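In order, the protein sequences belong to chains P and R.
So for the first sequence, this note's numbering puts the first residue at 1; every next one is plus one.
So for the second sequence, this note's numbering puts the first residue at 61; every next one is plus one.
Fair warning: there could be bad hints in the mix.
Straight line, CA to CA, 20 Å or less: simulated SDA-like cross-link-like pairs of lysine to any residue [said to hold, decoys possible]:
#	chain 1	residue 1	chain 2	residue 2
1	R	344	P	33
2	R	203	R	221
3	R	344	R	321
4	R	94	R	104
5	R	344	R	283
6	R	344	P	35
Note that these hints are calculated values from the structure, not bench results.
Note that this is a predicted model, so its numbers are computed, not measured.
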Amino acid sequence: MRVRRPDLPSLVGGLVIAGLGTVLLLDQSDAIDLRFGTFAPIALAAMGAILVAVGLSRRA
Amino acid sequence: MEAQTPPQEPRRLYRSRGDRMIGGVAGGLGRYFKIDPVIVRIAAVALLFFGGVSALAYVAFLLLVPEEPREGAPPPPPVDRNKAATILGIGALILIGGPILIALGLAAAAVALPLAFIVLVGLLVWWLVSGEGPAGGAGDIAKSAALGIGVLLACCVIFVAGFWAAGLGGGTAAAIVVIAAGVTLVVSAFVGGFRLLILPALALALGVGCVSAAGVDLHGGVGEREYTPASAGDLRSEYRLGAGQLVVDLRQTRLPEGDTPLRMELGLGDALLLVPRDVCVASKATIGAGGVDFFDYNNGGLDVDFERRPAAAENGKRVVVDADVGMGAFEVRHNRRDRFDHRRGDEEQDPNTACASA
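Only chain P is shown next, with the shape it has when bound in the complex:
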């Protein structure tokens, strides 16, 4: 049986966005204190991961 390959950008984008949402939820519940010093690198890394996934999916 042939297994369908997952759509890489959707997979990576979904994981990254769910991760971001979790960080935001932790901040809202005061479990962590989010500041730009931590949020900016996280957001940039998230965007970078999505771009890499889109690029890789085009090459595949």
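Start from chain P and add chain R according to the hints.
Chain R only, in chain P's frame:
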């Protein structure tokens, strides 16, 4: 004995009769250099944005290059041009037309370059959300760019909506929506993918994230609020505004000796505390993104924490202000500053002088 071939005539540059958009210059150049005239036309349009060079050259070609002879007609005899007159003509053309064309070229570039940038951004966004690069005819490319710009605008709206929702206390719900969007994307990856959701979900996450990181609280209304208490009894324990300009003017306030505590909370905008010169100011401020302007001191950026605790002079008055600004500026001054005047006034020589130790 070899047959003698007739001497080949030199190639001549003509303006094309059949392949022309305006005067047949690009068609003629294409034929002469054996390249597609479309390339010549694209280069000419591109050079328009570099001071109108191509427009000037086009006019020169139009004036100096003859039109190709009609079918069956003998080639025109070489024109005995007066070289000096030709050079003078081109010189005059450059002198008179050059500045005008440069100005026109710059004006066209001022419109066309941002437009080209917007189209490129639209294409990039559409590539990100659909995986389709620019392909097909001009109509297809324009359609992709328009769709990309549409998605980008929708993302901007979602960013602002997420920002306001989180600022007004809906941060938890927004974070849950972000997680749900992420999970939906992961699930959709195994059934074909739903890339269109990536950017909107990211925009929402960034909007909520900015509010969380800056500590923006938009409760307290929007607009300009100015408070001028007459005495210490009129002072509130806290001055709060969601977004806008918050001004607390203590210059006419009768303040008691010793410490007068004050708290200013602003989500987004400018918080200004005006104090008389005989009052010492101690301050602690937290700014998520923006700056502090405390008399002669200023500092700005992200996650700005500021604290100055000078002691008041003996039997002196001291205002102890605790400020929390999400995004914007916190200013403590003796006088209002002109909005557009960022030069230092006389305060630079007279900063917080009512304190015993600054």
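Task: Violations among the numbered hints - done: Hints 2, 5 are the ones this structure does not satisfy, whereas the remaining hints hold.
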